[in-house]
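Number of protein chains: 2
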Amino acid sequence: VSDSYKTLGASASKAGLHQALTQAGLAAGEDLFAPVCADVAGDPAYSCFLHADGAGTKTIVSYLRYRETGDPQVFAGLAQDALVMNLDDVFCIGTPSSLLLSNAISRNARLIGDDALTVLLSAYKELQRRFAALGIPIELAGGETADCGDVVRTLVVDAVLFGRIRTERLIRASRISAGDVIVGLSSTGQATYEDTPNSGIASNGLTLARHCLLSKAATAAYPEVLDPNLDPNVAYRGPFGVQDSADGLSMSVGEALSSPTRSYAPVLAAVYAQLPDSIHAAIHLTGGAQTKVLRFGRGLRIVKDQLFPVPPLFSLIRQHGQVPWREMYQVFNMGHRLELYLPPSAAERAIAVAGKFGIEGRIIGHVEAHGDPAANLVCLRTEQGEFEYSR
Amino acid sequence: VSDSYKTLGASASKAGLHQALTQAGLAAGEDLFAPVCADVAGDPAYSCFLHADGAGTKTIVSYLRYRETGDPQVFAGLAQDALVMNLDDVFCIGTPSSLLLSNAISRNARLIGDDALTVLLSAYKELQRRFAALGIPIELAGGETADCGDVVRTLVVDAVLFGRIRTERLIRASRISAGDVIVGLSSTGQATYEDTPNSGIASNGLTLARHCLLSKAATAAYPEVLDPNLDPNVAYRGPFGVQDSADGLSMSVGEALSSPTRSYAPVLAAVYAQLPDSIHAAIHLTGGAQTKVLRFGRGLRIVKDQLFPVPPLFSLIRQHGQVPWREMYQVFNMGHRLELYLPPSAAERAIAVAGKFGIEGRIIGHVEAHGDPAANLVCLRTEQGEFEYSR
Chain L
4 VSDSYKTLGA
14 SASKAGLHQA
24 LTQAGLAAGE
34 DLFAPVCADV
44 AGDPAYSCFL
54 HADGAGTKTI
64 VSYLRYRETG
74 DPQVFAGLAQ
84 DALVMNLDDV
94 FCIGTPSSLL
104 LSNAISRNAR
114 LIGDDALTVL
124 LSAYKELQRR
134 FAALGIPIEL
144 AGGETADCGD
154 VVRTLVVDAV
164 LFGRIRTERL
174 IRASRISAGD
184 VIVGLSSTGQ
194 ATYEDTPNSG
204 IASNGLTLAR
214 HCLLSKAATA
224 AYPEVLDPNL
234 DPNVAYRGPF
244 GVQDSADGLS
254 MSVGEALSSP
264 TRSYAPVLAA
274 VYAQLPDSIH
284 AAIHLTGGAQ
294 TKVLRFGRGL
304 RIVKDQLFPV
314 PPLFSLIRQH
324 GQVPWREMYQ
334 VFNMGHRLEL
344 YLPPSAAERA
354 IAVAGKFGIE
364 GRIIGHVEAH
374 GDPAANLVCL
384 RTEQGEFEYS
394 R
Chain G
4 VSDSYKTLGA
14 SASKAGLHQA
24 LTQAGLAAGE
34 DLFAPVCADV
44 AGDPAYSCFL
54 HADGAGTKTI
64 VSYLRYRETG
74 DPQVFAGLAQ
84 DALVMNLDDV
94 FCIGTPSSLL
104 LSNAISRNAR
114 LIGDDALTVL
124 LSAYKELQRR
134 FAALGIPIEL
144 AGGETADCGD
154 VVRTLVVDAV
164 LFGRIRTERL
174 IRASRISAGD
184 VIVGLSSTGQ
194 ATYEDTPNSG
204 IASNGLTLAR
214 HCLLSKAATA
224 AYPEVLDPNL
234 DPNVAYRGPF
244 GVQDSADGLS
254 MSVGEALSSP
264 TRSYAPVLAA
274 VYAQLPDSIH
284 AAIHLTGGAQ
294 TKVLRFGRGL
304 RIVKDQLFPV
314 PPLFSLIRQH
324 GQVPWREMYQ
334 VFNMGHRLEL
344 YLPPSAAERA
354 IAVAGKFGIE
364 GRIIGHVEAH
374 GDPAANLVCL
384 RTEQGEFEYS
394 R
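If you're matching them up, the sequences are chains L and G in order. Per our numbering, residue 4 is the first one in the first sequence, and the count goes up by one each step. Per our numbering, residue 4 is the first one in the second sequence, and the count goes up by one each step.
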């Protein structure tokens, strides 16, 4: 599994990490999409979370665009990436009653100047304004910027989200049941609260995407975007520069690869409000992508047979990287980045809610009982073939 | 100011960052050592904080020791560095009533294996146990590990601390007044709750320390510990390898440089409990070191004329790096990493509390009124001369 990705020093399954977490007694549960702990204020009606995530190697795409265009504004999307990768994880367990954000930036100050820093920090302020207008207030609690060029080649943009959430309203993904249908929410198009169309990539699989699409010619002037120990046969093996256009893409390759991570949080909040007891699970397709749901519940056979058409950017990555389809579905969301598991009777309303935000929803599959009550299986029936993944 | 440090791509004053924060409307205040916001549970009796910091480039020293010894246990101290750099900041505003910790690791998975990851994550569990035994419970709320070798040469170890704290008990550093004395708490020696003596370095100035002490010969086999764009005249210009001993050091150079950051939190909690209204400010000498206090209050002339003897590690850095003394005091704590500002009558008790924990305290200076009510001045009267720094 995930051979292309592994060669590049990343892992879709993160098996090594999960083993390390288990050995340290810190393994994730099978019940909640994001872990919670007891309320800091001691109120049993509430739970708390402190969630960390970041923009990953997507910073490299923004950096390359910055070097090509000279415009520091290309860094603004990374604040959205870091925030939303957290926000959409925590909205999978429900609608928090309060949110605090802290940001952490590590940079090579020789390459990432104070102009970039100003753009990034201002972008957090602008995101706060936008989410507040969508009914999601987020307090900016502070942050840290470290100049550490001996450790960081270019830029790391991370964020942490603290929140409180009503315990009885927590969405426990272990409720996924045989008979549920799966509503997928499109990762492409343009939501009513977005300024531009989204390529769909979010902040996962960027290592594979970069190396499949961008070329050595395009990156040769910037050795700082590459681990020098990477096999040259796999590193930046594509045909494109960040400014290039490509067949089927409505934006440049660089714009598509750095398309800011869409937040589904406004949609989820509205779905939870309108269907308070119907949502058995909300799954954010991050690391593991279409197999992400495998961790939750037991004895389930999750059949996805009505997937969205593969978005152009992912087709391009597959074509130029010669990535097996089986692996594409493990690394990239391939068309929908958010799944709702719910009874068939509730599906139409959930889809209607998403539609009001300009996001296409559709029933992409359903849940059956698995013969083995201890196992989970994901079966993808796609135009490119059938693929099965087990827990 | 800080020329040696600047040449290395770091900055003691972080002027660029502060300008970026100001432009983004996120500038730090002059009142509290660590920023707080309104309570997440809506209780005006409480305030909250969400604080981010990390081990910085200290990870490089552990990495070099790992490569020389093959022992992944050398990574354990980094968990303490990341946690304590947060913990001691927030204890400067008082004793929190609850603490949640999240950790963020970014690694080059080709160089930093799962063995290192297991050591790091287990170290957080052990730290939780130890702090709980000292009356400081910390909940481990989760974390994130990213494999991103194209961005991170070796390893980034960051942490975030959320906490709640009683608003009326917040220590407002703006209370520093003419007439106060300054009690410094030693950064060296061995506290009752420490396993080994501390070199005093904590997690600040590691970029300068590494390049002044370690040699090109010692790091040549590991090009991954260096920004290749660094001027070779300043990079790793010292005479030592991490395993070497050095005059006056009771431990190897590598052990001294990676000595885990001491926490003063148990001492501070006890001082606050015994002298509930006397502590005008607690200052954690991180970035800016002996000039850190300049940000707080106004119209103050802060005279430090009884400093601790310069610890051997700092003497060694100065000697081999030919760093001006004036800059040494801006980058390194030089003997005490925690300052208490309090009335003379309370000093003896504060020193006695620290002594019970095996940490030497002493009056290292006092506060006078400055002629200009808008300015602040730090005057160091040292064996090496007098140095003045203004805000």
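Read the hints as simulated data drawn from the structure, not as lab findings. Don't take each hint at face value.
If several chains are the same, the list does not tell them apart, and a pair holds so long as it fits within one copy or across any two.
Stated by the list, open to error - With a straight-line cut-off of 25 Å between C-alpha atoms, the simulated DMTMM-like cross-links for lysine to aspartate or glutamate are:
| # | residue 1 | residue 2 |
| --- | --- | --- |
| 1 | LYS17 | GLU129 |
| 2 | LYS359 | GLU197 |
| 3 | LYS128 | ASP42 |
| 4 | LYS128 | ASP34 |
| 5 | LYS9 | ASP118 |
Of the numbered hints stated previously, which ones are contradicted by the structure, given in increasing order?
Checked against the structure, no hint fails, so every one of them is satisfied.
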